[in-house]
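Generate the whole structure from the sequences, applying the supplied hints.
Heads up: the protein sequence lines correspond to chains S and D, in order.
Residues in the first sequence are numbered consecutively from 1485, following my numbering.
Residues in the second sequence are numbered consecutively from 41, following my numbering.
Since the hints were derived computationally from the structure, they do not count as laboratory data.
Here chain D is said to cover these stretches of chain S; the calculated rule only asks that three of the stretch's residues, wherever they fall, bring their Cβ under 8 Å from a Cβ of chain D:
1. 1652-1659
2. 1739-1747
3. 1815-1828
Quick caveat, the model's predicted, so the values are computed rather than measured.
Note that beta-carbon positions come from the ideal geometry of N, C-alpha and C, so glycine has one too.
In case you want the letters, here they are:
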Amino acid sequence: MARQLLKGNIAFAEAAVRNGLVAYFGYPITPQSEALEHLSGRMVEEGRTFLQAESEVAAINMVYGAASSGVRVMTSTSGPGLALMAEGLSYIAGSEVPVVVVNMMRGGPGLGNIQPSQADYLFMTKTAGHGDFHPIVLAPSSVQEIVDMVGLAFKLAEKYRTLVIVAGDGAIGQMMESAELPSMQQVRRTRPDWAVTGARDREPNVITSLYLGAEKLEQANLRLQKKLTEIKANEVRYQLYQTEDADLLLVAYGTAGRICTSVVREARRAGLKVGLLRPQTLWPFPEARLAELAGQVSGILVVEMSAGQMLEDVQRAAQSHAPIRFYGRMGGVIPMVGEILEHLQALADAVIQ
Amino acid sequence: MRHIETVFSGFGGQGVLFAGQLLAYAGLAEELYVTWIPSYGPEMRGGTANCTVILSEEKIGAPVVRNPSAAVVMNSPSMEKYELLVRKGGLLVVNSSLVSRKSNRDEVQVLTIPASDIATELGNVRIANMVLLGAFVEATGIVALDTVKQQLNEHLSERQRKWLEPNYTALQRGSELALEPSTV
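Take a look at the structure:
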């Protein structure tokens, strides 16, 4: 496949089609509506299911139903839509069915605006719905990475029978960049043995998140927690950039993460030994690697397009090894390289003798 | 190192997003890293629209910049917004048909081109964007004008096909004007 110039929203939608997506249910919301537009044509062309539901609440429950039947299914939305889906996300987690959700974050709270933001971090990683669960949360920082992560999301969702959220933002969705799409994959014909497929010549399968007995529900929860522990042990992903000899560490993901690669280059030209840890999984968070790096560097600057949400995970993981500062922009404002550099320089002045 | 950070800015409908995309396609065709990112707020409809295009031999980090190395401004609001932001030693391409004021920047290369008038002469005011892109490509040398023409041929929509030749002419006129003393 040749590299093409692709808009993020269209790239992830087409990547899903090529990964054998069987059904898509969604409701349009900026900044990801191009994905629905693209899928409304492509899914029909391929003889698959595309349905624009009457709301996000309906869409996520359709996703839940399709996932229960063992087919590859997804939806995509942005913050306000994800909030509406929260009930369904919890049912999906409780029922242990594989689902992929793409969330192109926009400025909030409330209706906010349609500009890029990273203010859904805590919502996605900690409280995507009621009850004890975490989705796997993947954080792409380029059009190529969201293409790759859609494929990864399906694999992880099915491997662990879990909810996976691909957490982009308006900038990743709206920007065009060169990317290589995966080759066309056939739709999987077989269904997993746990799926509800009609129960002909076999005992019925039951997909539910309802366990009326307390002990039974506790058993279900223990099973879920065991799975989450396994995911934490196996699925942490991150990218390091120039951290080998770093005195200072930037921690940033997604759009803020890629901006920080420019910051690292400029800071190094100015003589500051800076490295970047860019988490690719927000849950599970790269705690162990961060703790090691916190022991190596003299100071850490966390950069987010929010008031400081991942910051809490960085503080927890780094413990008290190195002083941690934060720089963030909110409401859809993208932080510029120069602003971050100023904060980095201030940190350097404070911690480096 | 080939590297440029450009803003294309104008009214919605002047084709600033397409001009930027065409530059990005040309960059990709010449095997550069490229990013194209639009302002996609509600201001796009009828108000000002802009996009930032980065072409580089180096992998691109930040897709937006405070001080671009070049700006193509197609109307007065864009001139007010970007004239002072262009980096020292950079390039400012001005559509003088709609921007009456001269630029005061003397440490920036300024090209003053009556692009809308030229486009009207060529039969369609909407190809003013190509006049300015032609001038931009000639002045920066970031990609070959022929590459831009090839990519235009590949990416011009079916509906706009009849305007292919006038678009070529517009690109050509712009590139010639970039070299004329009256422009500079």
